[in-house]
Structures are given as structure tokens and as C-alpha cells.
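**Student:** Under the working numbering, the residues of the sequence shown are numbered 8 to 158, in order.
Do not take every clue at face value.
Said to hold, decoys possible - Here are the simulated SDA-like pairs of lysine to any residue, each with C-alpha atoms no more than 25 Å apart in a straight line: (1) Lys113 with Gly69; (2) Lys123 with Thr79; (3) Lys123 with Arg47; (4) Lys123 with Leu56; (5) Lys113 with Ser83; (6) Lys123 with Gly69.
Unchecked claim - The following label-pair restraints were derived from C-beta to C-beta distances: (7) Ala90 with Arg124: 27 to 37 Å; (8) Arg126 with Asp75: 18 to 28 Å; (9) Asp75 with Arg146: 13 to 23 Å; (10) Gly46 with Glu92: 31 to 41 Å; (11) Pro57 with Glu96: 13 to 23 Å.
Think of the hints as simulated: they come from the structure by calculation, not from any bench. All C-beta atoms in this analysis are idealised placements derived from N, C-alpha and C, irrespective of residue type, glycine included.
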Amino acid sequence: MRVFFVLLTLAVSIGPALSQEWRASGRGEGARAYFTLKGRPAGAEIACLPGGRLGVTAAGNGARFPADRPVTLVLSVDGMAYAGEARVEPEGAGGGSRFVRTVEGKDAASLLAALKRGRSLEVSSPAGHVRLPLVGSGRAIAALAPACAAP
Numbered sequence: 008m009r010v011f012f013v014l015l016t017l018a019v020s021i022g023p024a025l026s027q028e029w030r031a032s033g034r035g036e037g038a039r040a041y042f043t044l045k046g047r048p049a050g051a052e053i054a055c056l057p058g059g060r061l062g063v064t065a066a067g068n069g070a071r072f073p074a075d076r077p078v079t080l081v082l083s084v085d086g087m088a089y090a091g092e093a094r095v096e097p098e099g100a101g102g103g104s105r106f107v108r109t110v111e112g113k114d115a116a117s118l119l120a121a122l123k124r125g126r127s128l129e130v131s132s133p134a135g136h137v138r139l140p141l142v143g144s145g146r147a148i149a150a151l152a153p154a155c156a157a158p
């Protein structure tokens, strides 16, 4: 009986950790790494773009933002900020807005390295901020990095 309670307690404590993680998919310029919540992409995505650039997409909060002016998107990995100008795009399925930023050159390599070894990512946009654990980011970024390397 005691073993049952130990296993039940272990299963309950591990469940939430397994329901949120980083994953990778695709190849070449279509490769991406993304945070998942309960098995579905949520919050942030890093995608390969031509020329070794990265596309960083941050989900919004359901509100719509004007697309006629640039906004600032900040990714902070363990306190190290990577800030830059982003554009506003409509979310799929008629939702609100999302924020998309292009990261180039050494900044792209530095961001990938930080995400690979980091513990926590904070995403700040006009929609607010969210803190995401980087559980599994090392594997996801390791799978993504070769596909994103500049030719």
C-alpha cells in the first residue's frame, strides 16, 4: 500500500513537468523549436530562415494590436536580454495578434546558445510577459541549430 502512494505522488509531481517542454520539428528552412503546453505549441517559437537567420514568434494574449507600427519583442534567457524590433501579425484561427522578429548573424547564434543551455525564458511583448521553462530546450535547439546554420 505504501508503494502505491509513493508511485501516485511521483506520478502527480511528474505530470505537470511532462506536459510542458520544448520540441523541434521540420528540416532545413522549415525547422523550428517551440514550447509546448499539454502537447500543443504555446508561447514561443524559433524557426530557421534563409541565410542563417532566425524567426522568433511570440504568441499574444488574444487582443488585437495595430500592424502599422513596429513593436519591441524581448527574449530574456536567465536574465540576459535579447531585444529587437518586431512586427505584428494576426494569429491563426481569427485570434488576436502575435509578434514576429527576425534575428541575424551573431545575435542568432548567441540566442540559440543561450536557449540551449538556459533554465528560463521570459518573453516580453506589447501583450505582456510570460516566463517559460527551458526544459528540453537543449535537445530541441541541438536539433534545430544545424538546420539554421548559414550556408
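**Student:** All hints, please: hold or fail.
**Tutor:** Status of the hints after comparison with the structure:
1. Lys113 with Gly69: 33 Å, violated
2. Lys123 with Thr79: The given pair, whose Cα atoms are some 23 Å apart, holds under the 25 Å limit.
3. Lys123 with Arg47: 20 Å, holds
4. Lys123 with Leu56: 18 Å, holds
5. Lys113 with Ser83: 16 Å, holds
6. Lys123 with Gly69: Violated - the C-alpha atoms of glycine 69 and lysine 123 are around 29 Å apart, more than 25 Å.
7. Ala90 with Arg124: 27 to 37 Å: 20 Å, violated
8. Arg126 with Asp75: 18 to 28 Å: Violated - the Cβ-Cβ distance for arginine 126 and aspartate 75, about 37 Å, lies outside 18 to 28 Å.
9. Asp75 with Arg146: 13 to 23 Å: For aspartate 75 and arginine 146 the Cβ distance comes to about 39 Å; the hint is violated.
10. Gly46 with Glu92: 31 to 41 Å: Holds, at about 32 Å.
11. Pro57 with Glu96: 13 to 23 Å: Because 19 Å falls inside the window, the suggested range holds.
This entry does not satisfy hints 1, 6, 7, 8, 9, going by the numbered hints stated previously.
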